[in-house]
Each structure stands twice: as C-alpha cells, then as structure tokens.
Amino acid sequence: MKRMKDFLDEANEVVPKATPEEGIAIHAKGDAVFIDVRDSNSLRDSGTIAGALHIPRGMVELSADPDTPFHKPELQKDAHLCLVCGGGVMAAMAGKTLKEMGYTNVTNVGGINAWKEAGGPTEDVE
9 MKRMKDFLDE
19 ANEVVPKATP
29 EEGIAIHAKG
39 DAVFIDVRDS
49 NSLRDSGTIA
59 GALHIPRGMV
69 ELSADPDTPF
79 HKPELQKDAH
89 LCLVCGGGVM
99 AAMAGKTLKE
109 MGYTNVTNVG
119 GINAWKEAGG
129 PTEDVE
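Residues 9 to 134 (this note's numbering) are what the sequence shown spells out, left to right.
There could be a bad hint or two in this list.
Listed next, the in silico DSBU-like pairs over lysine-lysine satisfying Cα-Cα at most 30 Å (straight line) [as the list claims (entries may be wrong)]: (1) K10 to K107; (2) K85 to K104; (3) K25 to K13; (4) K37 to K25; (5) K85 to K107; (6) K13 to K85; (7) K37 to K80; (8) K107 to K37; (9) K25 to K85; (10) K13 to K124; (11) K124 to K80; (12) K10 to K25; (13) K37 to K124; (14) K104 to K13; (15) K25 to K107; (16) K10 to K37; (17) K104 to K80; (18) K13 to K107; (19) K80 to K25; (20) K85 to K124; (21) K25 to K124; (22) K104 to K37; (23) K37 to K85; (24) K10 to K124; (25) K104 to K10; (26) K124 to K107; (27) K107 to K80.
Label-pair distances were calculated between CB atoms; the ranges are [to be verified]: (28) M9 to A33: 35 to 43 Å; (29) T112 to F15: 15 to 23 Å; (30) T112 to N49: 17 to 25 Å; (31) G59 to E29: 24 to 32 Å; (32) R52 to N113: 26 to 34 Å.
These are calculated hints, taken from the structure and not from any lab test. Since the structure is predicted, the reported quantities are computational estimates derived from the model, not experimental observations. Idealized CB from N, CA, C, for every residue including glycine.
Hey, can you work out the whole structure from these sequences and the hints?
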C-alpha cells in the first residue's frame, strides 16, 4: 500500500526543486510560466507570485490537456513551468502530473511563504 510519502518521493524524483532564490532568478528572466496550485481562499489570504496563473491542484489535468475546454493556452509542452503552493507538496505532485502529461521543463519553486521571505515579487489576489 502506498502512503503520501511514497507519492511525494516519486514526485521529488522527477520534478526538480528550486530554492526560493533560484525561483526568483527564473522569474526575473521573464520566460517561465509560474503557476499557483493552491485553492482560491489561500491565494486571497496570502497573495501569489507576481504574474502567476492560478490553476488549483484539482484542475491541473484539465488545464494542461489541450483537448479540454479548460485548457490554458499558456501551458505549452516546451514551456518552463514553475509551480508554487503552500509548502511545496502540492507543487511537487502537480509537477509530476505535468511531467506524465508530456511537459518537459517543470520546476517546483516550493511554498509561497518561503518565496515571500526571500523577497520574491508577489501580488494580491481578490
């Protein structure tokens, strides 16, 4: 029987994790798509990475599949996708899903609080 740790270990094996400083440097280059996978309430409470798309974890598969009406055109197979959540777990899991769907350049930038503590750019969400 698999446990949560097993799923997380598998995700961390295939999705590289960036430090907040590395994530901020990627953001500054301006050529990556940042995605916040938390629920709307969490985004309203703490804000998100400046310019990030909001794709809740439960919508990742629908948003990433070009054959669904929920597809986000910013999600291209060769785009650099950087995922954030509350602490890095949901970002890792969503990243693994995207890798399994054929997205080749996916990075887990961890949690929003670490991003903010490192001075990463943020914006409020209403």
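Each hint tested on the structure:
1. K10 to K107: Distance ~20 Å between K10 and K107 Cα, so the pair holds.
2. K85 to K104: holds, 14 Å
3. K25 to K13: holds, 16 Å
4. K37 to K25: Holds, because 18 Å separates the two Cα atoms, which is no more than 30 Å.
5. K85 to K107: holds, 9 Å
6. K13 to K85: holds, 28 Å
7. K37 to K80: Judged against 30 Å, a Cα distance of about 22 Å means the pair holds.
8. K107 to K37: holds, 23 Å
9. K25 to K85: Answer holds: K25 to K85 is near 19 Å, not above 30 Å.
10. K13 to K124: holds, 26 Å
11. K124 to K80: This hinted pair holds, its Cα atoms lying about 26 Å apart.
12. K10 to K25: holds, 22 Å
13. K37 to K124: holds, 18 Å
14. K104 to K13: holds, 14 Å
15. K25 to K107: OK: K25 and K107 at ~14 Å, within 30 Å.
16. K10 to K37: Measuring from Cα to Cα gives roughly 39 Å; hence the hint is violated.
17. K104 to K80: Given pair K104, K80 holds - Cα atoms ~18 Å apart, limit 30 Å.
18. K13 to K107: It holds: about 19 Å lies between the C-alpha atoms, which stays within 30 Å.
19. K80 to K25: Within the cut-off at roughly 23 Å; holds.
20. K85 to K124: holds, 28 Å
21. K25 to K124: The hint holds at about 17 Å.
22. K104 to K37: Distance of about 24 Å is within 30 Å: holds.
23. K37 to K85: holds, 19 Å
24. K10 to K124: This hinted pair is violated, its Cα atoms lying about 33 Å apart.
25. K104 to K10: holds, 16 Å
26. K124 to K107: holds, 26 Å
27. K107 to K80: holds, 16 Å
28. M9 to A33: 35 to 43 Å: holds, 40 Å
29. T112 to F15: 15 to 23 Å: holds, 21 Å
30. T112 to N49: 17 to 25 Å: Cβ of T112 to Cβ of N49: about 32 Å, so the range 17 to 25 Å is violated.
31. G59 to E29: 24 to 32 Å: violated, 18 Å
32. R52 to N113: 26 to 34 Å: Given range 26 to 34 Å: holds, Cβ gap about 29 Å.
Of the numbered hints stated above, those contradicted by the structure are hints 16, 24, 30, 31, listed in ascending order.
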